[in-house]
Amino acid sequence: MAKIRCAIIGSGNIGTDLIYKIQRSPVLEAVWMVGIDPESEGLKRAADMGLKTTHEGVDGMLPFIEEDNIQIAFDATSAYVHAENSRKVNEKGVLMIDLTPAAIGPLCVPPVNLAKQAENAEMNVNMISCAGQATIPIVNAVAQVQGVEYAEIIASLSSKSIGAGTRANLDEFTFTTSNAIEKVGGAKKGKALCIINPADPPMIMRNTIYCLTEGEPDKKAITASILKMIGEVQKYVPGYKLVNGPDFEGNKVAVFMEVAGLGDYLPTYAGNLDIMTAAATRTAEMFADEMLAGTFQPKAKEIA
Amino acid sequence: MSEASLKGRKVILHDMSLRDGMHAKKEQISIDEMVAIAQGLDHAGVPYVQVTHGAGVGGNSIQHGFAPHSNKDYISAVAAAVEKIKISVLLIPGLGTMKELEEAYEAGARSVHVATHCTEADTSPQHIAFAKNLGMDTSGFLMMAHLASPEKIAEQGKMMEDFGADTVYVTDSAGYMLPADVKAHISALRAVLKPETEIGFHGHHNLGMGVANSVTAIECGASRIDASAAGMGAGAGNTPTEVLAAVLDRMGAETGIDLFKLMDVAEDVVLPVMGQPVRVDRDSLTLGYAGVYSTFLFHAKRAAERFGVPARDVLVELGRKKMIGGQEDMIFDTAMTMAKERGLLKEAHELETA
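In the order they appear, the protein sequences are chains A and B. When we follow the working numbering, the leftmost residue of the first sequence carries the number 1, and every step to the right adds one. When we follow the working numbering, the leftmost residue of the second sequence carries the number 1, and every step to the right adds one.
Keep in mind that the hints were calculated from the coordinates and are not lab data. Hints are not guaranteed to be accurate.
Once the Cα atoms are required to be at most 25 Å apart in a straight line, the calculated DSS-like pairs of lysine-lysine come out as [as the list claims (entries may be wrong)]: (1) B:K301 x A:K252; (2) A:K241 x B:K340; (3) B:K158 x A:K160; (4) A:K219 x B:K340; (5) A:K252 x B:K26; (6) A:K220 x B:K340; (7) B:K72 x A:K188; (8) B:K346 x A:K219; (9) A:K241 x B:K322; (10) B:K26 x A:K189; (11) B:K72 x A:K189; (12) A:K160 x B:K322; (13) B:K99 x A:K183; (14) B:K99 x A:K188; (15) B:K340 x A:K228; (16) B:K99 x A:K189; (17) B:K346 x A:K220.
So the derived list for chain B, only partly shown, Cβ under 10 Å to chain A, looks like this [what the hints assert, rightly or not]: (18) P125; (19) L147; (20) A148; (21) R306; (22) I324; (23) G326; (24) R342; (25) L345.
Which chain A residues stay away from chain B? Per the calculated CB distances, all over 10 Å, these [said to hold, decoys possible]: (26) R5; (27) E39; (28) M49; (29) L227; (30) Y236.
These numbers were taken from a predicted model, which means no experiment stands behind them. Glycine included, C-beta positions come from ideal geometry on N, C-alpha and C.
So here's chain B without its partners, still in its complex pose:
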């Protein structure tokens, strides 16, 4: 029945495997691997690929991990190797700066997601304006969107449109949203934004809802969808690009993608890079269930190992404390506090006098 129900709808798929996928690889992807994946996506007709450290420009840090190469080096190498695909970057104000965005532009990036927490859009005006001045395709990216009401999302999205964003994204960073939530958020945005402003959706697969949520978003007016080849992304990964492309093809939407070529890239090029499988498991499911930022997964596992508190307990506590993307330091802090409460760790002054 739903066959061909999106007939003629043009949808832009934006591949995240070389940015969100960096999280899944603990920021360790080589330049050769990046180039091979980007070329494969390019040949399959994917229109956009995001290339940066998982936390975006400025992301190299103790907080977010160090990649083996600078963002500039990754972007330059990919830009030199591809033909049609456009390169985008992520910029989170407070972490990345306009200076670093300009470096990315000079290296070949032509599109940017300017990301803020879903209620803090007013930290992005200078960055959105700067990107527009450079002539970049500019999206405002409202992260952890499940933590805001549809009205709040509409208000914040409108703000980003006023700053100059071409597209406003609903970003389900925790993979927590269900199709009804997506419908409410996207519809609220569509009602307030100018007709020429596009709407995007960025999903995570922690509850296995990536594809279903993306389809719902398109049905409600979204025309840009972030997805990741073979699902390589934080947590249980992003919406798998090849699966979504197949579903959209069945529904009659136009993505301009050669489905079989894309399947081959996912299977033959991305999967071998992925190493350990990105899947819904006990911990990534906890992210989606408790509404926790997907990137927290590996940090929580590491803190769990170090201080002897189960990762799931730490993740649930982080969800309760409403910690948001960028507060990775609070994972260790929370694990340490829980370890003290459980008699597994001593206070500093006790150590000093010991």
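Just chain A, with the same shape it has in the complex:
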């Protein structure tokens, strides 16, 4: 069966884990891995796994996009270089899935708003952040039942799972996630906190979601909505699990989640890696389905 050919930009933790997720997909094929450091472990591993590689950034791959028929690119670099990367591949008619906090395209959380992205024939879709992917479905599950005045999320991540880029740019992570809690989650106001825990053995990714509802929470309907949403996320992240809650105190709803990964590139504690790469892969698959069915053909953007 035909597959849509993909490029991964960024050879860090996220980019490398993406190779495994894409290789498992029935409709995607990982063809290129782009890095900037010839010594990076990610590039070596990509080459071992049969991908074409370059350490000369996106420019090192651009001349091969047509002949290798690349149709989707994943950017796992940083917010600062994403816009330029996106412009370059969009010009060649390649759809961009953005895993940085740059968020220049519409924000996507698959079980909440994936279908809409394809309808709008977007050329750049942003995956927010690992914390966003792990918490926004729950915020949205509450917001589907009744108004959410304020939602606050706390992501606890193991130190070993956080790469240099995220560490040096925590504010971007915070801003992008807070904004997405409102725009995608449906809360009137959102706030995101993130904690990096160095415990050894590493702690599994944990996420706490607090929602303040408008009026007294409908406990039964909210509990049912949350459990249903968890089932939706589990379709692409099997280790997405409810640990405690929903707990109701006044108009506060508290939900305590855990995310175990598949243990592809990093061990299972790094669920933050998986929920990001799995969500990006699921997003790409939906576009790929449309491309293969001939209902969506990405168009090269005119050079202004």
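Given the coordinates of chain A, work out where chain B should sit on it, guided by the hints.
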């Protein structure tokens, strides 16, 4: 014998009662109370006072509690009422952002503790650089320092110095350290930092070691010490500023503080604000003994009440799981898990079908 053994040493005391003290008051201190305490400290010659929500700029949250006023309002009110004392703030990357630091600066803050867990200094470069750009007196603040070896502390402190920090702090957030630990950490830092980079120590009194640890830190090269008037801070409180000032005076160190005026502020102004006493009791002692973040105390007591699991059991379990500052949500989570194990709480799907 030890009399005058710190003769001529200049030590900067940094009062924490209006930041760490916010934890002791469950973030409920009025603007009038803040202004009165800050003015008292100012008149007593204390050079720095930290003013923010207990969790710093960006701290107002469900996770850390909501104070009745914004950080901006507290800082502006104190800045307008004091003469010499410098106002500092706390910024924990991942919770507070550069945007909120800039607001604090505009309101009058001129010094900042940029705080990370003791092994995660590399989450602070953008914040330290931003503070330096604003011209702020900038400290790197390595929290829960008992969880790292002296070599690790030296490596992480050096990183913060490279980012631009003027001072690097060893922060005993759990009140777990003993003088020998303080000596090892401070000495390791002193050996790697530039001579002009200052070293700070921030203690908690959970094992009653705040003053002794601070003196040890100074003996090993620290020149900035965080303390709190009347000890008002998280857990069993911080090193009491007036007690440390008295000890340092006896030892010949120079703090520039009028001791009797400071004693009066602690007794007449801070104590009435404190309400319930901040002291070493069963639960705060457990923090120090088990190495748990001091701020966890009230959260654990509340979770204990709600789910029927003793606070001490919850605190010990949090210590075992190596939970760090900022993971207050895991207190409730842990209490709920323990309650389920003890048959006191049901699972969500059981509730749904009930």
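Does K228 (chain A) lie within 25 Å of K340 (chain B) when you go C-alpha to C-alpha? Holds, at roughly 23 Å.
For a C-alpha distance cap of 25 Å, please report whether K99 (chain B) and K183 (chain A) respect it. Given pair K99 (chain B), K183 (chain A) holds - Cα atoms ~21 Å apart, limit 25 Å.
Beyond 10 Å from every Cβ of chain B: is that where the Cβ of M49 (chain A) lies? Given a closest Cβ separation of 29 Å, the condition holds.
Proposed proximity, K189 (chain A) with K72 (chain B) (alpha carbon, max 25 Å): Measuring from Cα to Cα gives roughly 20 Å; hence the hint holds.
Verify the interface restraint on R342 (chain B): the C-beta must sit less than 10 Å from at least one C-beta of chain A. Cβ of R342 (chain B) sits 14 Å from chain A, so the hint is violated.
Least C-beta distance from R5 (chain A) to chain B larger than 10 Å: R5 (chain A) clear of chain B: closest Cβ-Cβ about 36 Å, beyond 10 Å.
Was E39 (chain A) rightly flagged as not at the interface, with every chain B Cβ beyond 10 Å? holds (20 Å)
When you check the alpha-carbon spacing of K160 (chain A) and K322 (chain B), does it fall within 25 Å? Within the cut-off at roughly 15 Å; holds.
Does K188 (chain A) sit within 25 Å of K72 (chain B), going by the straight-line distance between their CA atoms? Answer holds: K72 (chain B) to K188 (chain A) is near 23 Å, not above 25 Å.
Is the straight-line distance between the alpha-carbon of K26 (chain B) and that of K189 (chain A) 25 Å or less? The given pair, whose Cα atoms are some 23 Å apart, holds under the 25 Å limit.
Taking the shortest Cβ-to-Cβ distance between L227 (chain A) and chain B, state whether it exceeds 10 Å. violated (7 Å)
Decide if the proposed pair is consistent with the structure: K346 (chain B) and K219 (chain A), CA atoms, cutoff 25 Å inclusive. holds (15 Å)
Hint violations for this structure: numbers 24 and 29, all remaining hints satisfied.
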